[in-house]
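Number of protein chains: 2
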Amino acid sequence: MKIAISGKGGVGKTLLAALLSKTFAESGYSVIAIDADPDSNLAATLGFPHSEKITPISEMSDLIEERTGVRPGQAGALYKLNPKVDDLPEKYSLEYNGIRLMVMGRIKKGGTGCYCPENALLQALITHLFLARDEVVILDMEAGIEHLGRGTAKVVDKLIVVVEPGRRSIETAYRIDKLARDIGLQNIAVVGNKFRSQSDREFLISSLPNFEFLGFIPYDQAIVDADHANLPIVDASQQVITQARNIYQTLLSAVQTPSPAN
Amino acid sequence: MKIAISGKGGVGKTLLAALLSKTFAESGYSVIAIDADPDSNLAATLGFPHSEKITPISEMSDLIEERTGVRPGQAGALYKLNPKVDDLPEKYSLEYNGIRLMVMGRIKKGGTGCYCPENALLQALITHLFLARDEVVILDMEAGIEHLGRGTAKVVDKLIVVVEPGRRSIETAYRIDKLARDIGLQNIAVVGNKFRSQSDREFLISSLPNFEFLGFIPYDQAIVDADHANLPIVDASQQVITQARNIYQTLLSAVQTPSPAN
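Chains G and X supply the protein sequences, listed in that same order. Read left to right, the first sequence gives residues 1 to 262 (this note's numbering). Read left to right, the second sequence gives residues 1 to 262 (this note's numbering).
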C-alpha cells in the first residue's frame, strides 16, 4: 500500500506520517517512510539517530534508470522492471525500529533552484516500486498544493489530508481534493488533528461534509512539551498513539488490504 | 520599502502580512500587498470583497517586458525602465481600505506543473518596481524554503521570519536564515506568534539567540473564533492589532525609513 500525507503547513502531516509508520511497523508491516518535504524533519519526529547519513532520492537517478529502464524525466519510454523494496541499496535508507526512512532531497543552497527535479525522481521511484502485501510506503508531502501541480503522489493508493480546526486548513483540503482529482487520485480521506473540544470536532465534520474521516487526533500538551524538549514526539502521548491505531484500522478496512498477520 | 514574510506553514505569515498591510495603510503609506502563496488567502484575511477579479502577476509577462525592457526569464539584458507603482494598471490589483492587493498566480489544474514561472515573474516585478518614500510592498511568501531556492524575494529590504513556540518553526527559521544569506539577503528578523505564556516567549528567544526580534503576537481565541466564523481575522483582536503596531514601529526604526508623516 502506498499512502501520501498532505495538507496545509503546520497541521501535523509529519506527526501523522510518523505515527502511522510506527503503527504499521508494530503491526508487522515493512514500512518505508519517505520524507518528501525539504522543510520537514520526519527523522527527528521518529527519533532516528544519524539521519544525515541517508543518501537522498535526488541522488538515485542512475539507480532508478537501472531498475526501471527509464531515465527519470524521459517521456514515453517502456518500463522494463519493477524495483523491489528489499532490493533498494541500504545507502538510500536508514532503518530504525522497523521503519526504513528515505529522504527526497537535501536542503540546497539559496538561489540554486526549485525542487522540481527531486519531485520527478520521487515520482519515478514510487511509481515503479513494487510492494509485497506486507509492505507499505508512507510519504510525508510538502506543505500546500504545489506537489499536486507536479503530480508527485499521483500513484498512491490513499491520499490523506490532515486538517486542524481552522478555516485555512479546510480551504487547503478542498484545493487538494480538487487538484488530486485532476491527476486521477480518487481515494482521498481526511484526519482531523489538534482538536481541543467537541465543537472543534463538529466544526471539522460540518466543514467537510463530503469527505471520509479516518479519525481524529486530540491536541495534547505532552506533544508540545516533547517538541520543546527535543524528544521524539511520536512517543509522547498515549492518547495520540491510541488514536493513530484507530486511524490505522480504519485505513486498512477502507483500502481492504489484509493485515500481514492474517 | 519592500518586505517579505516567510516561515514554516501554519505559523501565521498571512496574518502578519495582513496586520502589517493594515498598519502601514493606517499610517499613511501606500501599501501593495502581494499574495505569493497559491495555498493562502491574503484577500480573505484582509476582508477583500471580490478578490477573484484580480488578474494574477503570472499573466503580466507582456507588461513586465514593456515596463522593464526585459522579458521575464531572459538573462543578461539591460533594464531600461523602472516601473512605478502608480503606473501599474488597475486590473492587476484591487484596492480596499487603502491596500492594493496583487496575487502571484491562480491555483492551476493538478498535474500541470510547478510554480516556477509565477515565481520568476514575481521576482521580475518586485526587482523592478520603483517605490516612492511613502510606498511599501508586503509579500506573503509560500510556506517553507523552496522560494529561497528560487530566490523570489532576494531584493527585499527586510525578510521577516514568523515563528511560533515549536521546534519545527525554529528549525525552519534557521534554514531560511542560511538560505537567505546564500542569496545575499542580510536583513532578516523574526516575529514570534501565538505565544500563550512567558515561557513560550522565553523558549523563542533562547532558541533564536542571534536573531533580531521585531516583536511578539499573543495567541488569542478571538482570532480563532473569527476564523471559524469566516470573519476577517485582521480586525478580530485589539491586543493583536496593538502588537502589530509595535512591530511596525520597530521595523521602521530598524530600516530607518522616515514615516510619510515626517
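In case anyone wonders, no lab produced these hints; they're calculated from the structure. Keep in mind that the hints are not guaranteed to be accurate.
Because identical chains cannot be distinguished in the list, a pair is counted as satisfied if it fits within a single copy or across any two copies.
Unchecked claim - Computed cross-link-like contacts, PhoX-like style, restricted to lysine-lysine with a CA-CA straight-line distance of at most 25 angstroms:
(1) Lys154 with Lys53
(2) Lys2 with Lys178
(3) Lys158 with Lys91
(4) Lys178 with Lys91
(5) Lys53 with Lys158
(6) Lys154 with Lys178
(7) Lys178 with Lys53
(8) Lys178 with Lys108
(9) Lys178 with Lys158
(10) Lys109 with Lys178
(11) Lys91 with Lys53
Taking the hints in turn, this is what the structure says about them:
1. In this assembly of identical chains, lysine 154 and lysine 53 lie within 25 angstroms of each other by CA distance neither inside one copy nor across copies; the values are 28 angstroms within and 31 angstroms between.
2. With identical chains, the CA atoms of lysine 2 and lysine 178 are at most 25 angstroms apart within one copy only, with a shortest distance of 20 angstroms there and 34 angstroms across copies.
3. Taking the shortest alpha-carbon separations for lysine 158 and lysine 91, neither the intra-copy value of 28 angstroms nor the inter-copy value of 41 angstroms comes in at or below 25 angstroms.
4. Taking the closest pair of Cα atoms, lysine 178 and lysine 91 never come within 25 angstroms of each other, the shortest separation being 37 angstroms inside a single copy and 27 angstroms across copies.
5. For a Cα distance limit of 25 angstroms, the shortest separation of lysine 53 from lysine 158 qualifies neither inside one copy, at 29 angstroms, nor across copies, at 35 angstroms.
6. For the identical chains of this complex, lysine 154 and lysine 178 are intra-copy neighbours only, at 13 angstroms inside a copy versus 32 angstroms across copies, given an alpha-carbon limit of 25 angstroms.
7. Proximity of lysine 178 and lysine 53 under a CA criterion of 25 angstroms is satisfied inter-copy only: 21 angstroms between copies versus 37 angstroms inside one chain copy.
8. With identical chains, the CA atoms of lysine 178 and lysine 108 are at most 25 angstroms apart between copies only, with a shortest distance of 10 angstroms across copies and 31 angstroms within one.
9. For a Cα distance limit of 25 angstroms, the shortest separation of lysine 178 from lysine 158 inside one copy, 15 angstroms, qualifies, whereas the shortest one across copies, 35 angstroms, does not.
10. In this assembly of identical chains, lysine 109 and lysine 178 lie within 25 angstroms of each other by CA distance solely across copies; the values are 8 angstroms between and 33 angstroms within a copy.
11. Taking the shortest alpha-carbon separations for lysine 91 and lysine 53, only the intra-copy value of 8 angstroms comes in at or below 25 angstroms, while the best inter-copy value is 51 angstroms.
In summary, the structure is inconsistent with hints 1, 3, 4, 5 from the numbered list given earlier, while agreeing with the others.
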